[in-house]
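Quick note, the sequences are listed as chains A and B, same order. Under our numbering, the first residue of the first sequence is numbered 57, with each subsequent residue one higher. Under our numbering, the first residue of the second sequence is numbered 57, with each subsequent residue one higher.
Treat the hints as calculated values from the structure; they're not laboratory data.
Capping the alpha-carbon separation at 25 Å, the derived lysine-lysine pairs in DSS-like fashion look like this:
(1) B:K319 x A:K319
(2) A:K319 x B:K326
(3) B:K377 x B:K89
(4) B:K89 x B:K108
Stretches of chain B that chain A covers, calculated by requiring three or more beta carbons in the stretch to come under 8 Å of a beta carbon on chain A:
(5) 197-205
(6) 273-287
Backbone N, C-alpha and C fix where the C-beta goes; we use that ideal spot for every residue, glycine too.
There are 2 protein chains.
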Amino acid sequence: MVRISLDVMGGDYGPEVVIPGAARALERHPDIKFVLFGIEAQCAGLLEKHPKLKANSTFYDCEIAVAMDEKPSQALRRGRGKSSMWKAIDAINAGEADVVVSAGNTGALMAMSVFCLRTMQGIQRPAIAAIWPTLKGESIVLDVGATIGADAQQLMDFALMGGAMARALFEIERPMVGLLNVGVEEIKGQEEVKEAGRLIREANIDGFDYYGFVEGDDIGRGTVDVVVTEGFSGNIALKAAEGTARQIAEYLRAAMSRTLLAKIGYILAKGAFDRLREKMDPRKVNGGVFLGLNGVVIKSHGGADAEGFAAAIDVGYDMVKNGLKSKIELDLAKYHGGEPPKALSAGMNDEV
Amino acid sequence: MVRISLDVMGGDYGPEVVIPGAARALERHPDIKFVLFGIEAQCAGLLEKHPKLKANSTFYDCEIAVAMDEKPSQALRRGRGKSSMWKAIDAINAGEADVVVSAGNTGALMAMSVFCLRTMQGIQRPAIAAIWPTLKGESIVLDVGATIGADAQQLMDFALMGGAMARALFEIERPMVGLLNVGVEEIKGQEEVKEAGRLIREANIDGFDYYGFVEGDDIGRGTVDVVVTEGFSGNIALKAAEGTARQIAEYLRAAMSRTLLAKIGYILAKGAFDRLREKMDPRKVNGGVFLGLNGVVIKSHGGADAEGFAAAIDVGYDMVKNGLKSKIELDLAKYHGGEPPKALSAGMNDEV
Numbered sequence: 057m058v059r060i061s062l063d064v065m066g067g068d069y070g071p072e073v074v075i076p077g078a079a080r081a082l083e084r085h086p087d088i089k090f091v092l093f094g095i096e097a098q099c100a101g102l103l104e105k106h107p108k109l110k111a112n113s114t115f116y117d118c119e120i121a122v123a124m125d126e127k128p129s130q131a132l133r134r135g136r137g138k139s140s141m142w143k144a145i146d147a148i149n150a151g152e153a154d155v156v157v158s159a160g161n162t163g164a165l166m167a168m169s170v171f172c173l174r175t176m177q178g179i180q181r182p183a184i185a186a187i188w189p190t191l192k193g194e195s196i197v198l199d200v201g202a203t204i205g206a207d208a209q210q211l212m213d214f215a216l217m218g219g220a221m222a223r224a225l226f227e228i229e230r231p232m233v234g235l236l237n238v239g240v241e242e243i244k245g246q247e248e249v250k251e252a253g254r255l256i257r258e259a260n261i262d263g264f265d266y267y268g269f270v271e272g273d274d275i276g277r278g279t280v281d282v283v284v285t286e287g288f289s290g291n292i293a294l295k296a297a298e299g300t301a302r303q304i305a306e307y308l309r310a311a312m313s314r315t316l317l318a319k320i321g322y323i324l325a326k327g328a329f330d331r332l333r334e335k336m337d338p339r340k341v342n343g344g345v346f347l348g349l350n351g352v353v354i355k356s357h358g359g360a361d362a363e364g365f366a367a368a369i370d371v372g373y374d375m376v377k378n379g380l381k382s383k384i385e386l387d388l389a390k391y392h393g394g395e396p397p398k399a400l401s402a403g404m405n406d407e408v
Numbered sequence: 057m058v059r060i061s062l063d064v065m066g067g068d069y070g071p072e073v074v075i076p077g078a079a080r081a082l083e084r085h086p087d088i089k090f091v092l093f094g095i096e097a098q099c100a101g102l103l104e105k106h107p108k109l110k111a112n113s114t115f116y117d118c119e120i121a122v123a124m125d126e127k128p129s130q131a132l133r134r135g136r137g138k139s140s141m142w143k144a145i146d147a148i149n150a151g152e153a154d155v156v157v158s159a160g161n162t163g164a165l166m167a168m169s170v171f172c173l174r175t176m177q178g179i180q181r182p183a184i185a186a187i188w189p190t191l192k193g194e195s196i197v198l199d200v201g202a203t204i205g206a207d208a209q210q211l212m213d214f215a216l217m218g219g220a221m222a223r224a225l226f227e228i229e230r231p232m233v234g235l236l237n238v239g240v241e242e243i244k245g246q247e248e249v250k251e252a253g254r255l256i257r258e259a260n261i262d263g264f265d266y267y268g269f270v271e272g273d274d275i276g277r278g279t280v281d282v283v284v285t286e287g288f289s290g291n292i293a294l295k296a297a298e299g300t301a302r303q304i305a306e307y308l309r310a311a312m313s314r315t316l317l318a319k320i321g322y323i324l325a326k327g328a329f330d331r332l333r334e335k336m337d338p339r340k341v342n343g344g345v346f347l348g349l350n351g352v353v354i355k356s357h358g359g360a361d362a363e364g365f366a367a368a369i370d371v372g373y374d375m376v377k378n379g380l381k382s383k384i385e386l387d388l389a390k391y392h393g394g395e396p397p398k399a400l401s402a403g404m405n406d407e408v
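Please build the complete structure, drawing on both the sequences and the hints.
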C-alpha cells in the first residue's frame with residue numbers, strides 16, 4: 057500500500073482536475089490509499105462521481121485554499137495549519153501519508169514543505185528535481201528553481217540526492233552524474249562549479265559515477281542520467297527548452313496547414329504526428345520532485361489536466377515504491393561517514 | 057564600401073568553408089572589400105576558384121593557425137602578432153577593416169579581441185550577443201558566454217549594448233529590453249538581477265524601453281527584442297534550446313520514417329517540412345557578435361558550412377552598415393553623461 061496525500065485545491069483548476077486525476081492514478085495503481093485535503097463544499101459532488109476513489113480515500117475538510125498568485129510568506133501566514141496545502145504536507149508528519157502531491161503555487165508549496173517537514177540532516181538546502189525527456193529516455197535535472205545560487209557543498213548534495221533519485225526512478229544501480237557548465241574544458245566555469253567537480257570526484261560516491269562537466273545541449277542528448285546545477289541556471293535551462301519545444305510545435309502547426317498538399321500529407325502521417333506529440337507531451341513527465349526534505353513532495357504543473365496530474369501521482373508512487381527517501385539517507389550517511397538515521401533502519405517513512 | 061577582415065584558417069574546415077562562404081556573401085553584397093588572413097599554401101588554390109572574390113580582396117600570408125582546441129592563453133602566447141586570427145582582428149586597429157569575422161575557437165577569439173581591440177570606454181566587460189529565432193522574428197540574447205557572472209552595472213552595460221545592437225540589426229527605434237530571471241515577481245531572483253532591474257529602470261535610457269523581468273520561455277516567444285543575462289545562464293539557455301531543437305528534429309525524422317503512410321505523408325508535405333527546416337536552420341542565424349570592444353567581431357559557429365559562414369558575414373555587414381559601434385558609443389556617452397568619444401563624431405570606424 058502506498059499512502060498519498062493530495063492538496064485537492066491546488067492548481068489552476070483545483071478539485072476539477074485533482075479528483076479525476078487521482079481516479080486515473082488509482083486505476084493504474086490499485087494499492088494507493090489517498091488522503092484528500094480540500095474544501096468539502098467544492099469537492100463532495102466531484103468525489104461522488106468517482107466511487108472507487110471515494111472508497112479508497114479519506115477526505116479532510118479544510119478552511120483555506122492557497123491562491124496560485126499568493127506570495128509564499130503570505131500563504132504561510134494565512135494558510136499555516138488550516139490550508140489544504142499545509143494539511144496535505146503535514147499528513148506526512150502525522151504518519152498518514154508517504155508522499156504528498158500538489159499542483160499549487162510552487163513558492164508556497166516549497167515554503168510550507170520546508171517549514172513543515174524540515175530539511176534532512178546533512179542537507180543545507182532542498183532542490184527541485186525535474187524529469188527531462190532526452191534522446192535516450194529520461195534524465196533528472198536539479199535544481200530547477202528551489203533556491204538561487206549554490207556553493208560547491210550544496211552542488212555536492214544535489215549530486216547525492218539526484219543520484220539517489222535516479223536509482224529510485226530509473227532502477228539503475230550506478231547512474232551517471234554530470235555538472236552543468238559552459239564548456240568541457242577544466243578552465244571554464246564558475247568557481248563553485250569547478251570546486252564542486254573536485255569535491256564530487258574526490259568523494260568517490262558509491263551511489264553514482266561522476267561524468268564531469270556537461271553543457272546545455274547535453275541535457276536533451278541524454279549524455280548523463282543526472283544533471284546538477286544551481287536553481288537559477290537550472291530554471292532557465294528548463295524554461296528555455298520548454299519554450300523551444302512550444303515554438304517548434306507552433307512552426308510545425310503553421311507549416312502543416314499552409315497548403316493543400318501539406319494538409320493531405322499531415323492526414324496521412326497523422327499517426328506519426330500523434331507519436332511525436334506524445335513524445336513531446338509535457339503531461340507524460342509532469343512532476344517536479346522536492347528533494348532534501350523529511351518527506352517526498354511532488355509538484356505538478358499548475359495548468360496540468362487530469363492526465364497530467366495523474367502522471368505527477370505516478371511519480372510520487374514510484375518514489376515511494378522504490379524507497380527514494382531511504383536511498384538519499386543511505387548515501388548521505390555514507391558520505392558523512394556517520395550512522396544512517398533511525399528512520400532509515402525502521403524504514404517507516406517511504407519503504408513499503 | 058564595407059571592409060571585412062576574415063580569419064581564413066578559423067573553424068573546423070578553415071579555408072574550405074571560409075573562402076566559398078566569402079564568395080557567397082560577396083554575391084549578395086557587391087560593396088564588400090575583403091581582407092583575408094590565412095596560410096597562403098592552403099588558400100591560394102581555393103581562391104583561384106573564386107575569381108570575383110580574389111579581385112575584391114587582399115590576401116595576407118600568415119605563419120600560424122590557431123587550433124580549435126587550443127587554450128586561450130596558449131593561443132595568445134603562440135599566435136600573437138602572427139596568427140591569422142590575430143592579424144584579422146588587428147586589421148581593425150590598422151584601419152584596414154570595419155569588422156572581423158572568424159569561425160575559430162571562441163575562447164581564443166575573445167582573448168585576442170580583448171587584448172588587441174581593448175574594451176570601449178565605460179564598458180567593464182565585453183559580451184557575446186546571440187541572434188535567437190523567435191515566434192515573432194528574432195531577438196538578441198546577451199551575454200551567451202564571454203564571461204561568467206555579472207554585477208548589476210555590467211548587466212546595465214549589456215542592456216545598453218544589446219539595445220544599440222537591436223536598433224542596428226532590426227532597424228527599430230526603441231527596442232524592448234528584458235532581464236532574464238526565474239520569475240516575474242519582484243521578490244524572486246539573484247540580487248544582481250534585482251539591482252540591475254532598478255538601475256535600468258531609473259536610468260530611463262533613451263535608446264530602449266525596459267520591459268522588466270522575463271523567464272526562459274519568453275525568449276522563444278519573442279516577448280522582448282533584447283534579453284539580458286550573465287554569461288553562464290545565457291550560454292546554458294542557448295545550448296539547452298539548441299539541444300531541444302535538435303532533439304525534436306530527431307524525433308520528427310524517426311516518426312516520419314516509421315510507417316509507409318507516414319513516408320507518403322512526408323513526401324506530400326515536403327514543401328512544408330522544407331519551410332520548417334529552413335525556419336529551424338541554425339545557419340540562418342549564424343554569428344555571435346562580440347560587443348563592448350573598440351571594433352566589431354563576429355564569431356561564426358566552428359562547424360558552419362559555406363552558407364552558414366556567409367550568414368555570419370551578413371551579420372557583420374549589417375552591423376557596419378547600420379553603425380553598431382557608434383550607436384553603442386552614443387548610448388554610453390548619454391548614459392555616462394559625458395561627450396561621445398572622438399571616433400564617433402569622426403564616424404570613421406563603422407559608419408559608411
